[in-house]
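Participant: Here is how the chains run, residue by residue.
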Amino acid sequence: MVLPSFLIYLFVFGFPIVLAIVLSLSNYGGGKMFGGTSWGITGFRQYQRLFADPYFWNALKNNIYIVLVSVLGQLPLGFIFAYLIYRKTVKFEEFWQGVLYVPAMISTIVVGILWSIIFSPYGPIADTANHYYASAYSAKISGIFQTTGGLSDPDELTDQIIKASPSTINTVFSDPSVDLKDFLLSYEPGDTATLQKDLVNLLAPRWNADFLSKNNVAMIPICFVTLWMWVGTYLLIFLANMQKIDRGIIEAAQIDGASEMQIMGRVVLPSLSKVIANSAILCISGSLSGFALILAMTGGGPARVTQVLSIYMYDKAFMGAPDYPLANAIAIMIVLFSLALVGIMFALERRFGGKE
Amino acid sequence: MNQQQGVQMRGKRGKKPIRPGTILGKAVAYLVMGIFAFMTIYPLVWLFFSSFKTTTEFRTNMMGLPIDWTLENYRSAWKIGEFDKLIGNSVLYTLGSTVGITFLSLLTGFAFAKIKSKATGPIYGSFIIGILLTIQSLMVPLFLEVTSIDRGIGDFLRSLGLVGSGEFRLFHNTRFGVLIIYIGSALPVGIYMCTEYIRGIPSAIIEAAQIDGAGYFRIFRSIIVGMSKPIAMTLSILNIPSLWNEFALINILVSETNLKSLPLGIYKFSGGLSSDYGKQFAALVIGMLPMLLFYIAFRKQITAGVSMGALKE
Numbered sequence: 001m002v003l004p005s006f007l008i009y010l011f012v013f014g015f016p017i018v019l020a021i022v023l024s025l026s027n028y029g030g031g032k033m034f035g036g037t038s039w040g041i042t043g044f045r046q047y048q049r050l051f052a053d054p055y056f057w058n059a060l061k062n063n064i065y066i067v068l069v070s071v072l073g074q075l076p077l078g079f080i081f082a083y084l085i086y087r088k089t090v091k092f093e094e095f096w097q098g099v100l101y102v103p104a105m106i107s108t109i110v111v112g113i114l115w116s117i118i119f120s121p122y123g124p125i126a127d128t129a130n131h132y133y134a135s136a137y138s139a140k141i142s143g144i145f146q147t148t149g150g151l152s153d154p155d156e157l158t159d160q161i162i163k164a165s166p167s168t169i170n171t172v173f174s175d176p177s178v179d180l181k182d183f184l185l186s187y188e189p190g191d192t193a194t195l196q197k198d199l200v201n202l203l204a205p206r207w208n209a210d211f212l213s214k215n216n217v218a219m220i221p222i223c224f225v226t227l228w229m230w231v232g233t234y235l236l237i238f239l240a241n242m243q244k245i246d247r248g249i250i251e252a253a254q255i256d257g258a259s260e261m262q263i264m265g266r267v268v269l270p271s272l273s274k275v276i277a278n279s280a281i282l283c284i285s286g287s288l289s290g291f292a293l294i295l296a297m298t299g300g301g302p303a304r305v306t307q308v309l310s311i312y313m314y315d316k317a318f319m320g321a322p323d324y325p326l327a328n329a330i331a332i333m334i335v336l337f338s339l340a341l342v343g344i345m346f347a348l349e350r351r352f353g354g355k356e
Numbered sequence: 001m002n003q004q005q006g007v008q009m010r011g012k013r014g015k016k017p018i019r020p021g022t023i024l025g026k027a028v029a030y031l032v033m034g035i036f037a038f039m040t041i042y043p044l045v046w047l048f049f050s051s052f053k054t055t056t057e058f059r060t061n062m063m064g065l066p067i068d069w070t071l072e073n074y075r076s077a078w079k080i081g082e083f084d085k086l087i088g089n090s091v092l093y094t095l096g097s098t099v100g101i102t103f104l105s106l107l108t109g110f111a112f113a114k115i116k117s118k119a120t121g122p123i124y125g126s127f128i129i130g131i132l133l134t135i136q137s138l139m140v141p142l143f144l145e146v147t148s149i150d151r152g153i154g155d156f157l158r159s160l161g162l163v164g165s166g167e168f169r170l171f172h173n174t175r176f177g178v179l180i181i182y183i184g185s186a187l188p189v190g191i192y193m194c195t196e197y198i199r200g201i202p203s204a205i206i207e208a209a210q211i212d213g214a215g216y217f218r219i220f221r222s223i224i225v226g227m228s229k230p231i232a233m234t235l236s237i238l239n240i241p242s243l244w245n246e247f248a249l250i251n252i253l254v255s256e257t258n259l260k261s262l263p264l265g266i267y268k269f270s271g272g273l274s275s276d277y278g279k280q281f282a283a284l285v286i287g288m289l290p291m292l293l294f295y296i297a298f299r300k301q302i303t304a305g306v307s308m309g310a311l312k313e
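One line per chain: the protein sequences are A and B, in this order.
Take 1 as the starting number for the first sequence in the numbering used here and just add one per residue.
Take 1 as the starting number for the second sequence in the numbering used here and just add one per residue.
By construction, these hints were calculated from the structure, which means they are not laboratory data.
Careful, some of the hints might be misleading.
Said to hold, decoys possible - Cross-link-like lysine-lysine pairs, in silico, BS3-like; alpha carbons within 30 Å at most:
(1) B:Lys300 <-> A:Lys214
(2) B:Lys26 <-> A:Lys244
(3) B:Lys268 <-> A:Lys274
(4) B:Lys229 <-> A:Lys244
(5) A:Lys274 <-> B:Lys79
(6) B:Lys114 <-> A:Lys214
(7) B:Lys79 <-> A:Lys88
(8) A:Lys88 <-> B:Lys26
(9) B:Lys26 <-> B:Lys300
(10) A:Lys244 <-> A:Lys274
(11) A:Lys244 <-> A:Lys61
(12) B:Lys114 <-> B:Lys26
(13) B:Lys118 <-> B:Lys229
(14) A:Lys244 <-> B:Lys300
Said to hold, decoys possible - Here chain A is said to cover these stretches of chain B; the calculated rule only asks that three of the stretch's residues, wherever they fall, bring their Cβ under 8 Å from a Cβ of chain A:
(15) 101 to 115
(16) 191 to 198
Even for Gly, the Cβ is constructed at its ideal location relative to N, Cα and C.
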């Protein structure tokens, strides 16, 4: 009865792991794997190459960011939200549960593309910001026209506009104090409405925070979306387990004068410690598979700064000339990394976990 | 100690428990959770409405409702993504693997829970390790495995003259390969959940059936399957969305359009086409709508199932 499952399991998990270990110690370069003599075991050379590659360390660092955001973001937020619902601090239990879980139902690819549009410099964030900037700037300009008397005093007007404008004015006019004045004077005095509009279009500050293509911040949207996607899942898990806690214990604590924070910290938290540890494991293995999300959001770019280990591995194996031994070494590193994290979780749970 | 005292005191006074949370705390709670709910609903609603705008209208009227409603985006996205081919595959992969996962998990779970054998411990343990591994980390060796096996078998059969000179396919670029690997990837969790569940079925029932002369397969068919309906339901409902949305594995297992699933088709709309917002939005809506409808239909069961996902070990 176990046999069919076990064979499939070996096919999907067991054999690939063995294969990964063998190939990561070899110089296999593609081609026939069985029967050929074109490759052999070469020892730990691949791992030396891996550790010497700065992109590996970068990918590992990004993975650690995502794990941190997941474990220190998703879990606590999920816990707090669940607690607020559980203690009826907020009403509409069904609504929060229903809505916050929605992101987990949507394909990661869809989520990735959607958020990359939202964060793009032509997307809705930028658009809203630009509308806001434009109306603020427009108010400033019309104020200036009123106080300076408009085109009747072009020097003063030019001066004031330069002061009120962002530094991009220097790219629009090569010498603002001269060129802007010429520009202003090219309009009919009665046509200040058009002039003001044109000035806003030309000079209003613009949103140009292109998060996903800036090396130093590109990971922030990715971490944010990771958080956004999974908070609801942990909310559901924690809430369901909180509802299993004996109500009497909490009422007792209340009557003994425990504050809300004390109830949360001393009663609810310890009785969920096992669930939290298991969720953390779920969370870690989930965050290590953030492959599709990053592929859809940035493809690992710009200049490979948002690569995580799985993207880095994918790149080595399937993009350009395949480097299978190195890719397999990365696979082994991912497995070891996740097992190490899971081990840490178990140790923490054993050390700090509450008794049940 | 305090517990008992407290319960007694409450019993005596018969007072309602004090309502927690000050006004300020409540306001902050509503605000933070409201922001999260907003960040969930708004982008999706925005996406939905934007998918009915032309790209030109989108540029000038990004945040408002569409003025000229158009279905053109859907028509061309459907064509470019070749979704007519992909939808069928997605349904097949999702339902086929779900049935396979559920059946095999129940069968194996029954064996682990109720049939005593020395091998149970180690084999069950090896499945548990599978829960901790992310299958995606193994996509490269998995790819090499399926392609090499196909090539190996192909060469062998060719040397016997059994197949022609064409490419031999068993696992790579076949629906069968996708199904097997999908089933395998979800088995560890499925078997774990089923084993724990079936352990809770009283052994006396099984022993009684054995005394009546029923074999294990008979017992499985007539007793276990019937009594395991709730866990089978939970397992299916958890697997359907994750299989439907699966991307990383099928991305390496299949390279031909007529074998691809929906997420692979949606992925086409990232990057390259991205200046053509209209089609992109339509493709995204096509991508998320089936599972949103599934969620609306089965929300109660999904919610219950998710919280079972983090069972105690």
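Participant: Please flag the earlier hints that this structure goes against, numbers listed from lowest up.
Facilitator: 1, 3, 5, 6, 7, 11, 12, 16
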